[in-house]
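> Listed below are the residues making up each chain.
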Amino acid sequence: MVCLALALILVFVGTLAEVQVGLYAAQSDYFRTFLVCWTPPGTHWKIPFLPGGWLIGLVLLVNLLAAHIKRFKFSRKKIGIILIHAGLILLLGGQFLTELFQIEGQMLLEPGDVKNYSENGRKNELAVIDTTDPDKDKVVAIPESLIAKGGDIRTPELPFTLRVEKYYPNSDLAGPMSDEPEKMTAADGIGKRLFFSPKPPTRGMDAVDLPSALVQVVSDKGPIGEWAVSGWFTRYPAFDQLKDTVGGIMPGVNLTAPQSFTFNGRTYQIVLRPIRYYLPYSIKLLAFHHDVYLGTDVPKNFSSKVHLNNPITGENRDILIYMNSPLRYRGETFYQSGFEPGDKGTILQVVRNPVSLGPYIACSLVALGLVVQFLMHLFGFARKRAQQTMPPPVRNKPAAPVLVPALANGKGRRV
Amino acid sequence: MNISHKLSWFAVALLFATTLTLEAGDQIQVYTVPKEHTDIPVNAAPISWTLPEGWKQKEPDGVRIGSFAIHGENGGDAEVAITSFPGAVGTELDNVNRWRRELSLEPVGPDSLVSEPVTVDSSQGKLFDIEGASARTVVAMISRNGSSWFIKLRGDTPGVAAAKPVFLDFLKSIRFGSGASAPAVSDPHAGLALQGASNPHEGLTPPGSSGDMPKWNVPAQWSETEPSSSMILKSFSVSSDSGAKANVTVSFLMGEGGGLLMNVNRWRGQLGQPPIDENQLASEASILPTVAGKATVAEITGTDARTGQPARILVAIVPNGDKTWFYKLMGDSKTVEAQKNSFVEFVKTVQYP
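Chains as they are written, first to last, in the numbering used here: chain A, 117 to 531; chain B, 12 to 364.
One or more hints might be untrue.
Said to hold, decoys possible - Lysine-lysine pairs mimicking DSSO-like chemistry, simulated, CA-CA at most 27 Å apart:
| no. | chain 1 | residue 1 | chain 2 | residue 2 |
| --- | --- | --- | --- | --- |
| 1 | A | Lys-308 | B | Lys-334 |
| 2 | B | Lys-245 | A | Lys-359 |
| 3 | B | Lys-46 | A | Lys-239 |
| 4 | B | Lys-334 | B | Lys-351 |
| 5 | B | Lys-334 | A | Lys-239 |
| 6 | B | Lys-334 | A | Lys-315 |
| 7 | B | Lys-46 | A | Lys-460 |
| 8 | B | Lys-163 | A | Lys-308 |
| 9 | B | Lys-334 | A | Lys-282 |
| 10 | B | Lys-67 | A | Lys-308 |
| 11 | A | Lys-400 | A | Lys-460 |
| 12 | B | Lys-163 | A | Lys-252 |
| 13 | A | Lys-359 | B | Lys-339 |
| 14 | A | Lys-254 | B | Lys-46 |
| 15 | A | Lys-400 | B | Lys-46 |
No wet-lab data here; the hints were simulated from the structure. Since we're looking at a predicted model, the values are computed, not measured.
Excised from the complex, chain A in its bound form (with noise of 0.2 Å):
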C-alpha cells in the first residue's frame, strides 16, 4: 500500500517535472532512478527527496517475493497461483534488467552505405581517434557525463590533456555578425567561423539536445589547439539544417568532416558525436522502398533490402527489413523504424537486449497460471454441482434383533 501511495505520488510530482524540463529528463530523474534528488543551486549536491521508479518497483518485487518465500506452501490447489506469481515476478525482474541492461540505437543508412555500428539517440561521446594506422582507428571515447563538468580530462589512453573550456548542454548555431551575448568561438578548425551559443534544453518528445564543447588539446610543452566541437556536426538531422542554413555562406567548406591534429607523429581526430554501438559485422542497404496506397500519400510500407556481411562467421546474405519483420541476428534486432525525408534512406532502430524473451514467458506463465486456476475452480464447481444434483445412496442397514420365545425351559433367548 505504501509503494503504491508513493507511486502515485511519483507520478505526479514527475508529470509535472515534464512540463520544466521535458519528457526524457523527466524520466531519467524520476522514474529512471532509485532516489529523486534536488540539487540546491551553485552546488553539485544531490540531496534525495523521494524515491524513484526503480526503487518502488524494486521494494514491489522485494514485497512479492518475501511474501511467496515466507507463505509459500506447495499445494496442487494453488499451483495456477504460484504460476501467476512467479509470471509476475519475472515481469518485473525482466523489465528491471531490460532498464539496465538494455542498448538501443540508430543505423542511418542511404542505399550503397556501409555501417558497423549503430548510434545512441540522444547521448554522446567525445570521441578522440588516432587515425595513423592505415588499417585500424582507436577511439578514446569520453562520456558527455565527463565533459559537462569541465576542467582537464587525463587518461593514460592519451598523450595529451583534453581541457574543456565551455561546454553546453544544448546550442544553437550563432552568425559571425550575431548579436549573442555569449558565444562559442575557437582557435582552429571549424570553430573559427562557425560559432554556437548556448540553448535552453529541449523539452519536446523527439526534439533532442545538440550539445557543443570548447576543447583546447595540451601537452606538456604547452597547448597544441583548441576546437569547437559539437553535435550538429554529427547528429542527424541536425548536419542537414547546417547545410541549409550555413551553406550559403560557407560553400565549398566541408562543414562535417572530423578535426584534426597532429601531435609526436601520430594524427588525431577529435569529434563529438552520438555514442557508437560497434557490430562484429556490417549491414549495407542495397535499396529502400517506401510504399504508398494508390492515389493517397498514406504509407503502406517502409522496407530495406540489405546486405549482411559477417567476417568471422562467413556470412554473406541480403535480407528484407519491413514493417513488423525485423532482423534478429546475433542478439540484436533491426526494426524498421523510419526513413530520411525524400525517401533518401533509411533509419533502422538496432535493440540488443538480453531479456527480451522475458516479457513473453512472463505473459505466458500468467496466462496459463489464470487458465489452471480457472479450469481447477470449474472443475471443482462442476463436480460439486455433481453433488448436489443427485440422490444420496441407500446404505444396508443391520438386522433389528428377534426375540425367540423359549422352548422347553421357559426361558426367552436373543437370537
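Got chain A sorted already, so can you dock chain B onto it with the hints?
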C-alpha cells in the same frame, strides 16, 4: 530473522549493488575499430593559395573566405578579398555596375563591358579592371561547380597599380580544394560537400493546404505572383497610381539565417550602399512588436543595381521557433512609402503554426 527475510534482504542488496555499479559506470571507453574508408579528405580547404610577400593575411569572416591587406611602399594601400556564393550572383553587368557604384561611377550598358580572360586553377573566368577618380578595383570572376567566385583587389589608384602584377601572380597560385567539388560519399556522416543553396522550403506542405504554414492577412491591393526563386516562399506585387511597382517577398531560413548584420549589409549592397557595422545597425534598426514576438525592421534607400533607378527596401526579420522569417518590401521609393503601413500590418498579424 528467518530464512525468507534473509533471502529478501540479500536480493535487495544484490540488485541495488548491481544498479549502483552500472550507474556509476560513465567510464572512458577505449577500443580499436576498422578504419572508415571515405573519399572525403579531412579538413579539405575549399581554396588554397601562395601568400605573396608583403601581403598580410587577415582572419576570414562569415562572408570572406580569404582577406588580405596590402600596404604599398609608396603609401598606396589596397586589400584583396575572396568570396564565393552558390549559383550565379546577378549578371556580369549587374556586378560590374555594382563595382562601378562603389567607385562613384555611373553605370554602363552591356555594350560597354570590358574584360580580359583569366584562368584560375584551370577554371576560365573574366578579369574586370575599373578605375574611378581616386580608387580602382580589379576583379576576377569565376564560375566553378555551381558557385560564383570573386577575387577582388581594391584600393586607391597608386596602391592597386603597384599591387596588380602581384595580384595576377596570386591568381595563378590559387588552387581550388576537393571540398569545392562534389565528392563520392559512402558514409553521409563523414561529411557533406555543399553544392549550392538547397531549398529551405523542401518538405513543407504546399501553399493553401493545412500544415505548418503561417497564416497571412494579405492586403487587398497586393497581388500574389510566382516566386522568382526557390528561396522565396511567397511573392506579392503592388503598383502605385503612377504605375511604379514594388515587390513583397516572404522567405525563411533555419536558425538565425546568418545573422542580422550580414543580411542587412547584403541588402545594402543591392542598393549600392556600403556596409555598416553593428553600432550603426543598432542606431538604424527598429523593433516592431508582432503577434509572434519582436521583429527587427530596417530601412535602406539607394539605387537598385539592376534597374539603376532610385529604390527603397523595407525589411522585417522575425525569429519564430527554429526559423527566422524574412519579409522584404522593395521597389520604387514612393511606392514603398505608400505601402509601408500595409507592410507593417502584414508582418504584425502573421499567425505562425
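> Next, verify each hint and record whether it holds.
Hints versus structure:
1. This hinted pair checks out: Lys-308 (chain A) and Lys-334 (chain B) have alpha carbons roughly 24 Å apart, not beyond 27 Å.
2. Taken as a hint, the Lys-245 (chain B) and Lys-359 (chain A) pair is honoured in the structure, with Cα atoms around 22 Å apart against an allowance of 27 Å.
3. Straight-line distance between C-alpha atoms of Lys-46 (chain B) and Lys-239 (chain A) comes to about 23 Å, which keeps the hinted pair within the 27 Å bound.
4. Restraint check: the Cα-Cα separation between Lys-334 (chain B) and Lys-351 (chain B) comes to about 24 Å, which is no more than 27 Å; the hinted pair holds.
5. Of the pairs offered as hints, the one joining Lys-334 (chain B) and Lys-239 (chain A) holds, with about 25 Å between alpha carbons and a cut-off of 27 Å not exceeded.
6. Between the alpha carbons of Lys-334 (chain B) and Lys-315 (chain A) the distance comes to roughly 14 Å, so the proposed pair stays at or under 27 Å and holds.
7. For a cut-off of 27 Å, the pair hint linking Lys-46 (chain B) to Lys-460 (chain A) stands: about 25 Å separates their Cα positions.
8. A hinted pair counts as satisfied when its Cα atoms are at most 27 Å apart, and Lys-163 (chain B) with Lys-308 (chain A) qualifies at roughly 23 Å.
9. Between the alpha carbons of Lys-334 (chain B) and Lys-282 (chain A) the distance comes to roughly 26 Å, so the proposed pair stays at or under 27 Å and holds.
10. Taking the CA atoms of Lys-67 (chain B) and Lys-308 (chain A), the gap is near 18 Å; set against the 27 Å cutoff, the hint holds.
11. Restraint check for Lys-400 (chain A) and Lys-460 (chain A): satisfied, since their Cα atoms lie roughly 15 Å apart, inside the 27 Å limit.
12. Of the pairs offered as hints, the one joining Lys-163 (chain B) and Lys-252 (chain A) is violated, with about 45 Å between alpha carbons and a cut-off of 27 Å exceeded.
13. For the hint linking Lys-359 (chain A) to Lys-339 (chain B), the alpha-carbon distance of about 24 Å falls within 27 Å, and the restraint holds.
14. Using a Cα cut-off of 27 Å, the hinted pair Lys-254 (chain A) and Lys-46 (chain B) holds, with the two alpha carbons roughly 9 Å apart.
15. Taking the CA atoms of Lys-400 (chain A) and Lys-46 (chain B), the gap is about 16 Å. The hint holds against a cut of 27 Å.
Violation of the numbered hints given earlier is confined to hint 12; every other hint is satisfied by the structure.
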